[in-house]
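First to last, the sequence lines map onto chains A and B.
Under the working numbering, the first sequence has 2 at position 2, and the numbering climbs by one with no breaks.
Under the working numbering, the second sequence has 197 at position 197, and the numbering climbs by one with no breaks.
It is possible that part of the hints are untrue.
In silico DSSO-like cross-links for lysine-lysine, where the CA-CA straight-line distance does not exceed 30 Å [stated by the list, open to error]:
#, chain 1, residue 1, chain 2, residue 2
1, B, Lys328, B, Lys259
2, B, Lys309, B, Lys384
3, A, Lys235, B, Lys309
4, B, Lys58, B, Lys384
5, A, Lys235, B, Lys328
6, B, Lys309, B, Lys328
Please keep in mind that the hints were generated in silico from the structure rather than gathered at the bench.
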Amino acid sequence: MTTETPNFPPAPSRISLTGSGLLRVGGLLATVVVVMAAFGFLSGGSFLGINNQLGILRNVSTVAIVGLGLTLVIVVGEIDLSFASLYGLCASVIAVSWIIWGFPVWAAILLAFAVAIFWGAFNAFFTTVVHIPSFIATLGSGTLIFGFTLFITATATFNPTYPPGGRSVDPDQLAFFTGLANQDLPFRFPMQGVWLIVIAAIFFFLLGRSLFGFRLKAIGGNPEAARLARLPVRKYKFAAFILAAVMACTAAMLDFSFIGSTQPNGGQSLLFPTFAAVIIGGASLAGGRGTVLGTITGALLLSILVNGLALLAAGPFAQQMLVGTVTIGAVVLDRFTQQRRGLL
Amino acid sequence: MEVAPDPPAPIEAGVVIRGLRKLYGDTVALDSLDIDARPGEILGVAGANGAGKSTMIKILAGEVEATSGSITIDGEPWSPSFGADRVAVVHQEPQLFPNLTVAENICVGREGTRFVRRGSTEAERAVMADLAILDVADRMLEHVPLAIQQRTEIARALVRDARVFLFDEPNSALTSDESDDLFRRIHALAQRGRVVMLVSHRLAELVAHADRVAVITDGRCTTVLQGRTLTQEAIARELVVGQAKHETVAPARAEVDGKTVLELTGWSHQGDEFREVDLRVQVGEIVAVVGVEGSGARELVRSIAGFEKGAGAVVVDDRQGVEVLRAKSGFVAAERSTSLFPNLSVGDNIVVRLDGEITGRFGALRRGRMARLGAQIRERFGVKARSIGHPIRSLSGGNQQKVAIAAAMVGRPLILVLEEPSRGVDIGSKAEIYRLLREYAREGHAIVMYCTETTEVFDVADRVHVLSDGRLSDQLLVMTYADVGSLAADVSALERHTQRQPSAAASTRATA
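When you get a sec, could you build the whole thing from the sequences and use the hints?
What follows is the structure in structure tokens.
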């Protein structure tokens, strides 16, 4: 299989851009450690307790899973504002088709993923075929999706353990669905954490180690050059939007499974933290830049801040202020280091 | 205690640059530049890419700050933060507001225009009349030809009473009529006592229009040519001083009897930029298509790569149909902003078009193989980069262009289609690019390129066709010409043969 010829010059030992990516994530991880130490000290140790740490891991997974999908869209140079609404719709589709329409739970889940794929393709279609800026296309589709959610749920909340009058839910199916994210694992490790690890591994390969990710970065870095080099720009943008939608659906399914109920406006509060996590993680809204480790670490930092401040009873204002500051600070720091490296 | 007053500095009219130095990190862009430009003359500035020419322009335009050194204008120290209006830089692509009218572009941002004014002042109208842009004063800038946009930029500087006019490759996208007109206006500026600097890659123009030519090499002004010493050959010699000698490029061939790989018959553009073109290209040859902007030449060449729609009979490698064009050709655009990926490293830019060659199972990238391929090609193409892991933007323009062409060649398309392959590239890189193109053709491929400069055609092409007014001329065999001058004469004769439409030409650019 290898067709190497002896007259190849030796391969350079290190690709420096990969190195700088590691540096970026390394700095972020160091920040995470410092913040954790600070909270541990301030809270008299209760922050570092195993229960709290497992709680953080569970909390981080929703933002991280949705954020990984968003990272693909941002790397390819587009924006998705609809994933938060889609999260709500997907949870509601599972709930309504399972509890009200009497679908088997697996069919309800498949239906939710089909709906997600449809909306991902919808976003990609208006962005790449109709040539509407993705900001507008997904702002519109997000609102449209939210409307659909309100329509199919009739603004009601659903809980499969207590189905509305006249409906019943098969106990085996309920056990299966609850087991997706709410299961006893050794060391009380949260099931959502396992999902996150598996998904992160897949995305790490996809974005960092595959042709797909390489081209995604190229397309995001210079879409016109990509077109003239005959890279499949449209196909890749479809893939990015659809994967983002699928990730929103996955997170919705897992949260529904863990919490045990859906709300029609579920997911609406995810929009900002997810963007913040991706941006703090080093992705560039201009496209062409973003990593899996960065996004996860960004989500982790946010989650720790939120959790730690809640533990210290700092008040809701402190959380908002700090998260806003960290988001701007991360980007400022990024620009500064990029300038130092002469990349801007 | 008595301190003797400083002796008054001798008042030097014009621009005096002394010891100008600019560092980007460890890279010395300008070492210690000394240049004098006197009022009433045109000072030409020549320099290979990466010599520091564009850094000097950026400093004078106020875009970057010098690390050290001084600039005085008429004896007064100058810095961009005070009196940026004293220096006007006219770029090849005017840096104006496309969404404002010509008149608005001239008055916007002036002192005392705190409120939107209705109409222009008398002085502004006089300047516009002088530059023959009064008729189009109310047209949106993006809808007027490039030549008028440039005159708007000059007018903008004139109403601000700019002292120094720096023209940066001002005519590279103009028709020859437009370019003649521009040079007349440049001479007029000098005659009225302004300081005029002309930066150009086109040596013939420097000789024709400049009174003196300063040559910049490695961030210093190495020589100033004037009078009898000012010849094209002298500038060319000074430019390559210190550069490695390149082996002479293989000569153009008169007859190529390779297999025909591309045959267009009755090939017409959907947007009517060219009509009824018949063209045949054989393996092993390099065919140039020449034409000014708007002649349709660019569109014809792009249509061969499948990026412009055409209709007619196409046979590529014995197969019929337009689809085959896309499958069998690779394309390199003229601007590096549309041929390179700024967020990728040198090596990644080289292999970005490959797929099967750099992937293993499940679409996994074979990083090691990518690095080896990149390093091998960097070696073969003589790309000067500290490592292939460095950002592409850390390379000089000429080396970036080599990477752009290399990226298209590694996929080994049967037909390589290029636009102005050596535009804005220093002489050393040019020779290397030509050598690579020749090699590629010799290895069993065909090359079609769009050119605007006859020198490029003379140096690398076997045959040239001129596209004028949408029609393709008969071929000229490059080998039958002893010197570039006679080829240029024949090419321009074919161009002049039919009527040109310069305004249509430039507006195509403006809307592109």
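**Report entry** Hint consistency between A:Lys235 and B:Lys328 [alpha-carbon to alpha-carbon, up to 30 Å]
**Finding:** Holds, at roughly 21 Å.
Query raised in the report: Are B:Lys309 and B:Lys384 close enough, with their CA atoms no more than 30 Å apart?
Result: Judged against 30 Å, a Cα distance of about 37 Å means the pair is violated.
Report task. Starting from B:Lys328, check that the Cα of B:Lys259 is at most 30 Å away, please. Result -> holds, 15 Å
Query raised in the report: Would the pair B:Lys309 and B:Lys328 pass a check requiring their Cα atoms to be no farther apart than 30 Å?
Result: Given pair B:Lys309, B:Lys328 holds - Cα atoms ~16 Å apart, limit 30 Å.
Requested in this report: Would you check the hint for A:Lys235 and B:Lys309, treating anything up to 30 Å between C-alpha atoms as holding?
Outcome: Measuring from Cα to Cα gives roughly 21 Å; hence the hint holds.
**Report entry** Pair hint outcome, B:Lys58 versus B:Lys384 [Cα-Cα no greater than 30 Å]
**Finding:** Given pair B:Lys58, B:Lys384 holds - Cα atoms ~24 Å apart, limit 30 Å.
Hint check: a violation occurs at hint 2 only; the rest are consistent with the structure.
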